[in-house]
Amino acid sequence: MPAPLIEMRGITKSFGAVKANEAVDLSVAPGEILGLLGENGAGKTTLMNVLFGAYAPDAGEILIQGEPVRITSSADALAAGIGMVHQHFHLAPRLTVLENLLIGIPGKSGRIDRVGGLARLAEIGRQHGLTLDPDLPVSALSVGEQQRLEIVKALFRGARLLILDEPTAVLAPTEVDGLFSALRSMAAQGLGIIFISHKLNEVRALTHRCTVLRHGRVAGRVDDPANTTSAAMAQLMCGHEIVPPARGPSTPGVEVLTLEGISTSQHSGTPLRDVSLSVRAGEILGIAGVSGNGQRALAEVISGVRAPDAGQMTIAGQKVSRFSPREVQALGLGRIPEDRMTTGLVTNLPLADSMVLPRIGTAAFSRKGLLKPDAIRAFAEAQIKAYDIRCPGPMTRAGALSGGNLQKALLARELAFDPKVLIVSQPTRGLDIGAARFIHEKFLDMRAKGCGIIVIGEDLEELLVLCDRIAVMYEGRIVGTLDSADATIARLGLMMTGAEGHS
Amino acid sequence: MFRLEVRTSTPAWFNLALPLLAIGATLVLCSGLIALAGAGVLEAYGVMFTASLGDSYAITETMVRAAPMIFTGLAVAVAFRAKFWNIGAEGQLLAGAVASCFVGAIPMPGPLAMVLMAVAGAAAGAAVALVPATLRVKFKVDDVVSSLLLNSVIYYALMALIEGPWKDTFSGYPISPPIEDSANFPVLLEGTRLHLGVVVALIAAPLIWFLIVRTTLGFRIRVTGENPEAARYGGINVERVLLSTALLSGALAGLAGVGEVGGVHFQVMSDISPGYGYSGIVVAMLARLNPLGVVPAAIFLAAVMTGAEAMSRATGVPAFLSDVIQGTALLAMLVALLFTAYRIRRVGTAR
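Protein chains in written order, with UniProt numbering: chain F, 1 to 503; chain X, 1 to 351.
Here chain F stands alone, though its shape is the one from the complex (with noise of 0.2 angstroms):
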């Protein structure tokens, strides 16, 4: 085995009384792929933010080819050869792609220099096929292209370890082949990558060795993980077993949610063309499609904040006249969102008034214009305890939550009131398996007790364990909507990219 490129030795770190490391190793080989696996909470990105010189270690050491450095600053990580590439993009939208590559690289005499920054980029391109458009503005890229960007950025500031933090995400399956075939690439000439990633059967393709953490320690290595089951693994991440959830035969009921013909304007992103669907009482409607093709429009229009130019939809039989939340909610419509923190929750104010927020108008919390707030207290209490929230009380900020925490939140504000119609989006994005798990089982409950369920989702492994149905969604139209024991991944991926399916 070759001396490593990176090595991580005894590292701890503490906030306050909570230890999110302890006594943690971890090594990267030249031309290794490393995936760094762990449940939300475990202490994977403290990790890294150690790594990367955002947070200073209590105790311990990071060595790079066997010499110890202190990384006290992002700016130390990159001349120490360490890349990052974020959940969240660290883009410069207006400006072009080379220009967004050259920000704080100093040319000659100040100046900067355009044409070796384009040689440099042909370069990356070609050595592992990450080929980008160098005048595009970063605003016209895709997701996909703009991890490309992140990568190649990386690459292009001399890194030697990369580290990606579920970076498989926000891609299509398509996408992801050429991302792990990139990667792959990138080890081959011997940089170390850090793989970071939830979902076991990528880290399983991909990565060379695992480590996984558990409350902050390393809770066991894993050193062939193409040859060792996803259910071994997930045991390491969890402590104890974990049986995905059984969807029993479906008996839809009455029609709780329809769309017919319904078109929207441009206005921010893919307009919908021609829409029609509906969701039965105890069905699961999965919406499968890359996204950008007109699932954010789908969901605004549901949710009551776009009106559709043209087209009818009725929630429960009644028809949706106005097109406002408040509309849709009084007809009995529950709603996840994908962005917790932007469209969902009040991350400044105490996680209780988020939980109430949607219906504080209405008697369970106040009266004549003023609030219960013993009511709204209780209410926050109860939900805490049904979904055993883990946070100190009502009254903490909503912001200082994990993001599954912040789901089950969203979860149990809306279940609460038994809608009618749910409609989800991402429903277990960024969540590890214990807590997509519980918010599985969760709509498999709703769809029992007779709630109609549209899940949009990129994911399809989670549409085809969770839906009775899958339609998808290409350049705003519905191309196919199959039953899930006639769908296959393949089936679907097809879909996606437009050609017609069959229902």
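You may find that some hints are simply not true.
[As the list claims (entries may be wrong)] Cut-off 30 angstroms, straight-line C-alpha distance, at most; resulting in silico cross-link-like pairs (DSSO-like, lysine-lysine):
| id | chain 1 | residue 1 | chain 2 | residue 2 |
| --- | --- | --- | --- | --- |
| 1 | F | K368 | X | K167 |
| 2 | F | K449 | F | K319 |
| 3 | F | K199 | F | K442 |
| 4 | X | K83 | F | K372 |
| 5 | F | K319 | F | K385 |
To be clear, the hints were calculated from the coordinates, so they are not data collected in a lab.
Given chain F, put chain X in place with the hints provided.
Using the frame of chain F, we list chain X on its own:
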């Protein structure tokens, strides 16, 4: 070497500690200017304190000054909670003063006149605040700029009024005709200027606190301010909340003007407000936008203003120091607010 780290929670005692820290830092920073002016620092601050809070008369004078700043402080606190950036409390105050002076000059029974003055002043302030709010809601015009610039418009409109139709024909001074004697706010303590408006200001603070913390409107204001997108998806009509906030904020600032006309000056002149509207921003920030905190914050600034004049007479330090203290206090508070989101950590040099 030091660096900032993101905080996961803010301890409750920060709400009290940060303003005190800011005020302490301000007094230390400004002591340099006092020394430069050739006076003893402790002596100067001592005179300032005695003259503003040292005896019961001084306290009433400070309270009379604090009253308009309680109103403008509340106006700004309410607006900033909704992230409606109302920098226009000064203009709204002037509009309230003009409207109440107009009403107060009409002969009618005293109590009725006072009520109508308050209504007219609040309405005028609200109407002015509605302009930047409407521009923002309808046309996405930046409310900082529009509300700030509107102050000049209102000020010169007021000047046109007192240099024109309202001008005193006998003396030729640019002052409005006085309001009816019966409309003068009653004085609460014989021999002082402590008037009814001061009490109204002190009552307004807990009422506004109640509105923000305990009513659905207050809830909607808070949520809209912190995350308008979540508010919209949660069924809140964000535009309507912003307009309601503007009306409330403008009305409060207008009441500041009503108090100055009915309780202090009994007429309108060009210097009816020494910048109480702008001081309201400092007050609201020191109070961390908490309506209850507005009262002590306003009293602090009023004490500085009252005390600065006496200090100037006694030690020769220019009274402009009070403006410097105000400005420094705002900056110090903005810096102190950093600590609610970040903590300072020493980066170890050992390893």
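Hint check:
1. K368/F - K167/X: Violated: K368/F and K167/X sit about 48 angstroms apart, past 30 angstroms.
2. K449/F - K319/F: This hinted pair holds, its Cα atoms lying about 23 angstroms apart.
3. K199/F - K442/F: 21 angstroms, holds
4. K83/X - K372/F: Since the Cα atoms of K83/X and K372/F sit roughly 25 angstroms apart, the hinted pair holds (cutoff 30 angstroms).
5. K319/F - K385/F: Status violated; Cα separation ~36 angstroms.
The structure is inconsistent with the numbered hints 1, 5, although it conforms to all the rest.
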